[in-house]
Amino acid sequence: DTEVTQTPKHLVMGMTNKKSLKCEQHMGHRAMYWYKQKAKKPPELMFVYSYEKLSINESVPSRFSPECPNSSLLNLHLHALQPEDSALYLCASSPSGGHTIYFGEGSWLTVV
Amino acid sequence: DQQVKQNSPSLSVQEGRISILNCDYTNSMFDYFLWYKKYPAEGPTFLISISSIKDKNEDGRFTVFLNKSAKHLSLHIVPSQPGDSAVYFCAASTKRNSGNTPLVFGKGTRLSVIA
Numbered sequence: 596d597t598e599v600t601q602t603p604k605h606l607v608m609g610m611t612n613k614k615s616l617k618c619e620q621h622m623g624h625r626a627m628y629w630y631k632q633k634a635k636k637p638p639e640l641m642f643v644y645s646y647e648k649l650s651i652n653e654s655v656p657s658r659f660s661p662e663c664p665n666s667s668l669l670n671l672h673l674h675a676l677q678p679e680d681s682a683l684y685l686c687a688s689s690p691s692g693g694h695t696i697y698f699g700e701g702s703w704l705t706v707v
Numbered sequence: 222d223q224q225v226k227q228n229s230p231s232l233s234v235q236e237g238r239i240s241i242l243n244c245d246y247t248n249s250m251f252d253y254f255l256w257y258k259k260y261p262a263e264g265p266t267f268l269i270s271i272s273s274i275k276d277k278n279e280d281g282r283f284t285v286f287l288n289k290s291a292k293h294l295s296l297h298i299v300p301s302q303p304g305d306s307a308v309y310f311c312a313a314s315t316k317r318n319s320g321n322t323p324l325v326f327g328k329g330t331r332l333s334v335i336a
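Sequence lines, in order, name chains A and B. In terms of my numbering, the first sequence opens at residue 596 and continues consecutively. In terms of my numbering, the second sequence opens at residue 222 and continues consecutively.
If you are wondering where the hints come from, they were derived from the structure by calculation, not from laboratory data. Note that CB positions come from ideal geometry on N, CA and C, so glycine has one too. Misleading hints may appear alongside valid ones.
As the list claims (entries may be wrong) - Cβ-to-Cβ under 7 Å is the rule here; a few derived chain A residues that face chain B:
hint : residue
1    : P637
2    : L640
3    : V643
4    : L685
5    : H694
6    : T695
7    : F698
8    : G701
To be verified - Taking lysine to aspartate or glutamate and the EDC-like style, the derived pairs with C-alpha atoms no more than 16 Å apart in a straight line are:
hint : chain 1 : residue 1 : chain 2 : residue 2
9    : B       : K292      : B       : D252
10   : B       : K226      : A       : E639
11   : B       : K258      : A       : E700
12   : A       : K633      : B       : E263
13   : B       : K328      : A       : E639
14   : A       : K636      : B       : E263
15   : A       : K604      : B       : E263
16   : A       : K635      : B       : E263
What the hints assert, rightly or not - In silico negatives: residues of chain B with every beta carbon more than 12 Å from chain A:
hint : residue
17   : L232
18   : Q235
19   : E236
20   : I239
21   : I241
22   : D245
23   : K277
24   : G281
25   : F286
26   : K292
27   : S333
Bound conformation, chain B alone (with noise of 0.2 Å):
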């Protein structure tokens, strides 16, 4: 059962273009979502993350937007840069009485931005 889908195993898009990465949930209760990249053989860095009392959130060019009645999040990288290239996950988790619950990834999407 996958709480946290990506659809997209990968996108490729020209340099300086809009990349736009998709990630649906299928768990109500997540309230916080998060966006990882990772080049390979190095561990996930994080990106950006989103509240579930908010919509969007930006930082240079990383934009996420969350769209809860239809449970979904979308990353959007403008301008795509070379150096974007890499696998993002998608991860969300939810607030309990103990603590968050661990995060739970989607199967990521590998991104590559053509010069």
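For reference, chain A alone in the conformation it holds in the complex (with noise of 0.2 Å):
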């Protein structure tokens, strides 16, 4: 069973629509990540938070906004998005020093 929990596991939204997407771990993992996967793709990292500070941004457009209110939790707030940013959103944890990521079960999104 997957530790890390995303919220919602769907989201349809317009071009306009102001949304977030939710993720939540509780095994004291103090770096957290979220990654974009599209079909047969790799998974390609975003952003990197590190003890609750942005570490990472892989110049992703502005128009995806992370947010880490605390150690537990990573948001991925969306605004004017465009369909071709439809894909699957996936939040990660770590330990601190640790090589393995532990996955959620991602977030489908599809941009109208």
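Quick one: dock chain against chain with the hints and give me the complex.
So, in structure tokens, the structure goes:
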């Protein structure tokens, strides 16, 4: 069972909407990640938070805005998305200094 | 510049036989390698890993072999079962003072185990 929980599992939004994806982990991990995955492609890193501070932003457009309210929660705020942003958005976490990251089940996003 | 390569997009194996999934890497700084399994509509699940100080790690039906000189690793599944049918991703990372680098993923290999 995954211990990284993502909500919602499915989201359909219009290009003018504002929505958020949420992620929660209770494993005490201090690094949290957002990945994006399109069909038949590997997961693509978007953001990394380390000890609740943004440490990596892989040149992601500003219409994606991450937020880490505390060590257990990670949000991804979405605004003015494009249809090509439709994808599976994966949250993950890892222990401090650990190599293995653990993924949630993902949130399927469709932008119409 | 693809640092982790899985050159076989797909593999079909008969149930009960061995499945061998291959992965090559170019960055000699990688010191930790992982395999993830992904079913459709789910997030990747961690399967097995290996540190660069080892050449083999085994966990039940799954064994990962690392050949550092060839920059090559492989995942062996034996015996293969229909439930193993999934996409398998190879991933690598390196340690640095500020923590580990995020994982670099290969493009994945779709394994089909035929009953």
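Minimum Cβ distance from H694(A) to chain B below 7 Å? holds (4 Å)
Using Cβ atoms and 12 Å as the threshold, tell me whether D245(B) really stays out of contact range of chain A. holds (15 Å)
Interface hint compliance - L685(A) to chain B, C-beta minimum distance less than 7 Å: OK, holds: L685(A) within 7 Å of chain B, min 5 Å.
Would you say I241(B) is clear of chain A, with no C-beta pair closer than or equal to 12 Å? Check passes; 20 Å lies beyond 12 Å.
Report holds if the minimum CB distance from S333(B) to chain A is greater than 12 Å, and violated otherwise. holds (15 Å)
Next item in the hint list is F698(A). Is there a CB on chain B closer than 7 Å to its CB? Given a least distance of 4 Å, the restraint on F698(A) holds.
Can you verify the interface hint for P637(A): is its Cβ closer than 7 Å to any Cβ in chain B? holds (4 Å)
Is the Cβ of G281(B) farther than 12 Å from every Cβ of chain A? Given a closest Cβ separation of 17 Å, the condition holds.
Keeping to a limit of 16 Å between CA atoms, is the pair of K636(A) and E263(B) held or broken? holds (14 Å)
Can we keep the G701(A) interface hint, with Cβ of chain B closer than 7 Å? holds (5 Å)
Closest CB of chain A to the CB of F286(B) still more than 12 Å away: holds (18 Å)
Would the least Cβ to Cβ distance between E236(B) and chain A come out above 12 Å? The claim stands: E236(B) keeps its Cβ more than 12 Å from every Cβ of chain A (closest is about 25 Å).
Checked against the numbered hints listed earlier, the structure breaks none of them; every hint is satisfied.
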